[in-house]
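Asker: Sequences are here, hints too, so could you generate the full structure?
From first to last, the protein sequence lines are chains A and B.
First residue of the first sequence? That's 1 in the working numbering, and the numbers climb one at a time after it.
First residue of the second sequence? That's 1 in the working numbering, and the numbers climb one at a time after it.
Simulated from the structure, these hints should not be mistaken for laboratory data.
To be clear about the criterion: a stretch of chain B counts as covered by chain A if any three or more of its residues have a C-beta under 8 Å from a C-beta of chain A, and this derived list gives those stretches:
{"no.": "1", "region": "5 to 11"}
{"no.": "2", "region": "14 to 27"}
{"no.": "3", "region": "31 to 43"}
{"no.": "4", "region": "211 to 224"}
The beta carbon of each residue, even a glycine, is placed where N, CA and C say it ideally should be.
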Amino acid sequence: MTHPAFYEFGSPVRVVSGLTALERIPGLLEDLGAARPLVITDKGVRAAGLVDVLTGALGNGLEPGGIADEVPPDSSVAAVREVAHRFREARCDGILALGGGSVLDTAKGVNILVSEGGDDLMAYSGAGALKRRLKPLIAIPTTAGTGSETTLVAVIKDAARQVKMTFVSHYLIPDAAVLDPRMTLTLPPHITAATAMDALTHAMEAYTCLAKNPQSDAAALAAVALIAEHLPRVMAAPGDAHARLALANAATLAGMAFSNSMCGMVHNLGHAVGAVCGVPHGTCMAIFLPYGLEYNLHKNGPLTAELLLPLAGPEVFARTPAYHRPFRVIEAVRQLNRHLRERTAGRHACSLQEVRDARGQAQIPRERLPEIVAAAMRDGTAIYNPEDLDREDVLMVLTQAWEGLPLDRTRVRQG
Amino acid sequence: MHLPELVEFVNPVKTLCGRRALEHLPFELQSLGACKPLVIRSDDAASRDRLRLLARVLGQAGLSLGDAAGTPGHPGPSDVQDLAAIYRDKDCDAVLVLGQGALVDLAKLVNLTVSAGALDIAELDTGGRGLAGLRPLGVIPTGVPTGDETTGSAALAGKTFRGPRLAPRLWVLDPRVLGDDDAATTADCFWTTVTHAAEAMLGPGANALNSSCAAAALKLAAAYGPAGIEGRATPEDRLWLANGAGLAGVAFDNAPAGLAHRLAVALAPEARQPAGRLMGVLLPHVLEDAMHSGDDHVAGLLQPLAGIAVHAATPQDQRASQVVARLRQLLVRFYLATGGRTPRTLEDAGLAPAALETAVPGGPVAEAPEERFREILAAAWGGRGGDPSPRRHP
Numbered sequence: 001m002t003h004p005a006f007y008e009f010g011s012p013v014r015v016v017s018g019l020t021a022l023e024r025i026p027g028l029l030e031d032l033g034a035a036r037p038l039v040i041t042d043k044g045v046r047a048a049g050l051v052d053v054l055t056g057a058l059g060n061g062l063e064p065g066g067i068a069d070e071v072p073p074d075s076s077v078a079a080v081r082e083v084a085h086r087f088r089e090a091r092c093d094g095i096l097a098l099g100g101g102s103v104l105d106t107a108k109g110v111n112i113l114v115s116e117g118g119d120d121l122m123a124y125s126g127a128g129a130l131k132r133r134l135k136p137l138i139a140i141p142t143t144a145g146t147g148s149e150t151t152l153v154a155v156i157k158d159a160a161r162q163v164k165m166t167f168v169s170h171y172l173i174p175d176a177a178v179l180d181p182r183m184t185l186t187l188p189p190h191i192t193a194a195t196a197m198d199a200l201t202h203a204m205e206a207y208t209c210l211a212k213n214p215q216s217d218a219a220a221l222a223a224v225a226l227i228a229e230h231l232p233r234v235m236a237a238p239g240d241a242h243a244r245l246a247l248a249n250a251a252t253l254a255g256m257a258f259s260n261s262m263c264g265m266v267h268n269l270g271h272a273v274g275a276v277c278g279v280p281h282g283t284c285m286a287i288f289l290p291y292g293l294e295y296n297l298h299k300n301g302p303l304t305a306e307l308l309l310p311l312a313g314p315e316v317f318a319r320t321p322a323y324h325r326p327f328r329v330i331e332a333v334r335q336l337n338r339h340l341r342e343r344t345a346g347r348h349a350c351s352l353q354e355v356r357d358a359r360g361q362a363q364i365p366r367e368r369l370p371e372i373v374a375a376a377m378r379d380g381t382a383i384y385n386p387e388d389l390d391r392e393d394v395l396m397v398l399t400q401a402w403e404g405l406p407l408d409r410t411r412v413r414q415g
Numbered sequence: 001m002h003l004p005e006l007v008e009f010v011n012p013v014k015t016l017c018g019r020r021a022l023e024h025l026p027f028e029l030q031s032l033g034a035c036k037p038l039v040i041r042s043d044d045a046a047s048r049d050r051l052r053l054l055a056r057v058l059g060q061a062g063l064s065l066g067d068a069a070g071t072p073g074h075p076g077p078s079d080v081q082d083l084a085a086i087y088r089d090k091d092c093d094a095v096l097v098l099g100q101g102a103l104v105d106l107a108k109l110v111n112l113t114v115s116a117g118a119l120d121i122a123e124l125d126t127g128g129r130g131l132a133g134l135r136p137l138g139v140i141p142t143g144v145p146t147g148d149e150t151t152g153s154a155a156l157a158g159k160t161f162r163g164p165r166l167a168p169r170l171w172v173l174d175p176r177v178l179g180d181d182d183a184a185t186t187a188d189c190f191w192t193t194v195t196h197a198a199e200a201m202l203g204p205g206a207n208a209l210n211s212s213c214a215a216a217a218l219k220l221a222a223a224y225g226p227a228g229i230e231g232r233a234t235p236e237d238r239l240w241l242a243n244g245a246g247l248a249g250v251a252f253d254n255a256p257a258g259l260a261h262r263l264a265v266a267l268a269p270e271a272r273q274p275a276g277r278l279m280g281v282l283l284p285h286v287l288e289d290a291m292h293s294g295d296d297h298v299a300g301l302l303q304p305l306a307g308i309a310v311h312a313a314t315p316q317d318q319r320a321s322q323v324v325a326r327l328r329q330l331l332v333r334f335y336l337a338t339g340g341r342t343p344r345t346l347e348d349a350g351l352a353p354a355a356l357e358t359a360v361p362g363g364p365v366a367e368a369p370e371e372r373f374r375e376i377l378a379a380a381w382g383g384r385g386g387d388p389s390p391r392r393h394p
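Answerer: Listed below in structure tokens is the structure:
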């Protein structure tokens with residue numbers, strides 16, 4: 001067993017998970033000293049009827065102070081200010097963040113303004129600017145993927161300056177995360193697939209990248225096992241509440257893992273494709289995950305091999321020769337992607353050239369790969385990747401991922 | 001993996017572990033709004049050296065400390081009030097403890113007292129409003145931890161307090177501070193860790209979140225505990241065993257106490273042995289009982305205890321009995337390594353057969369009829385076991 005010379009791990013969010021977890025929210029709010037929460041969400045979540053499910057579960061004893069559903073797909077300073085204004089006008093005393101990553105980022109930003117006062121969000125950007133506890137914030141994820149409900153980070157776009165501001169503080173970690181399968185039962189298959197692959201990527205990168213530690217390893221392995229067992233079940237039977245709950249648990253565990261051990265090149269490449277071509281994050285993660293494992297194989301073979309146990313079970317692990325296990329892991333991830341593509345009638349892409357926008361147009365033209373390379377070189381997330389990446393390496397990986405072909409391992413840098 | 005209908009899990013403790021871990025403490029304290037912790041510690045030469053190191057680290061970051069040396073080994077309620085008074089006199093804003101065991105329990109109650117402004121520990125609200133309004137509490141173990149360092153429970157003068165507001169926020173494991181302990185004390189730590197982790201993975205509260213902590217605790221204890229007990233531990237081994245103890249504490253805190261834990265705690269006063277040693281004796285019998293009752297989760301303990309390769313190579317129907325056999329082997333090894341101070345059986349622990357009856361709870365116990373307690377205790381007294389035939393319980 002190898003361990004880091006130093007590590008830190010913290011994930012103090014109180015997790016409530018179950019088929020009736022939503023009904024625990026009034027008690028959680030009472031514990032936190034709040035009685036009039038503002039529900040922060042987006043129009044898609046509201047249209048899916050999830051706000052009604054939530055308010056129904058709260059019962060007659062708890063009336064939200066308001067429903068703010070104006071969160072945009074990319075969290076923005078303007079949206080944060082607007083929702084903070086709503087919070088103050090309605091004299092709320094806590095926040096229920098109902099949605100995915102953008103809703104949670106917005107909710108964290110709103111919490112900064114309503115707790116600290118004023119509307120100068122920029123004053124609190126960066127790490128450690130917050131010095132005291134904020135108002136109660138409960139996260140209710142509506143996808144099983146981002147793990148945002150466990151993190152101490154918020155990323156909010158300042159449209160006027162064309163920059164994304166990052167906020168990092170212990171005080172931004174939600175007080176509680178409520179995992180209830182009613183929130184993900186109606187998620188369309190291609191989004192279920194992409195978000196679960198996002199969680200799988202969090203777990204696998206957490207387990208194989210440089211800042212891994214015993215606690216993040218434990219959460220990561222549990223997440224991989226849950227996803228491997230339950231994602232195919234959910235794709236076959238989207239109404240399976242227990243399997244949905246298992247995926248929600250997996251996403252939270254993966255969030256705990258990666259937020260304490262950081263990510264590697266899969267996130268680096270995914271951020272770049274997202275920034276240049278506007279491709280959803282989970283789609284990018286699913287495509288790049290096997291490439292990240294393959295690229296780092298010469299340094300990470302034994303760790304990658306260990307993932308075969310939670311991914312495929314002890315029998316497959318035992319009958320696979322040790323030298324072949326890491327390759328089997330990579331093939332299992334590719335096979336899972338192909339299975340998801342089949343289950344979503346092609347909407348789950350296995351290569352960059354298969355990614356389509358809402359009108360069915362190819363979203364990542366091959367000629368844009370150099371732009372993606374440039375964006376990847378500006379992104380800092382590859383710092384914990386086991387092997388270094390330069391422009392040539394990134395272009396080589398992107399080209400293979402565009403074609404949907406495995407890496408030519410003779411061309412992989414071995415530093 | 002087991003997913004109960006409704007479950008809660010929280011691990012409020014942030015771990016700082018490894019080389020120069022202390023140097024990360026000032027940032028964490030400042031992030032939590034603190035700059036002058038009260039340091040609760042014993043008063044001996046080693047403790048003074050550690051305090052000097054801590055003071056230097058805090059001072060380099062512009063922080064200071066208030067020293068509360070000489071805390072007694074068996075503190076009482078008046079010590080809570082005395083330390084709370086020192087905290088206020090010295091104008092502190094956080095509590096740190098250099099040590100483990102009773103000192104940690106004391107520090108938990110002091111922190112809650114100064115945070116809540118209570119005048120009497122009987123007034124303390126240990127549950128309720130989560131961590132809101134609490135001052136930061138950090139634990140810096142100086143020897144083999146008991147596992148209580150990461151839990152929301154504390155014992156003082158025979159009374160047990162339990163609730164999330166007692167749990168520390170920081171847990172700092174630095175090899176410069178983490179000292180050695182004798183083999184039998186290390187065995188207590190090992191068995192407490194293994195028992196709390198195993199029972200958290202098996203009990204009715206078992207869930208994916210808690211089991212991930214428990215599995216990591218088992219893995220660390222199995223990898224690093226035996227070296228400490230058999231006198232060949234390196235500072236690294238001690239560090240990672242301590243990690244396991246802390247994680248088992250988290251798992252224990254998020255699950256109902258299991259049978260081996262409860263029986264050991266009930267027998268410890270009569271045996272005049274630390275409960276951890278008795279947990280070690282009882283655990284194989286409790287697991288064997290669970291196997292015979294059809295609990296197939298026992299098999300899941302083999303991977304963290306023995307490693308992926310052994311788990312994968314062992315046929316499914318033999319994994320549970322392998323777990324029990326390995327634990328029994330460890331009991332014998334530790335008995336030999338400690339010159340008999342770590343018992344293999346309840347008889348070794350000095351208990352007369354009649355004393356076992358004190359551990360059998362009266363009245364209805366939902367998950368275990370009285371007869372089942374007696375069977376487990378009788379088997380643990382004589383060290384019997386290994387009967388593979390299924391047993392039916394009424």
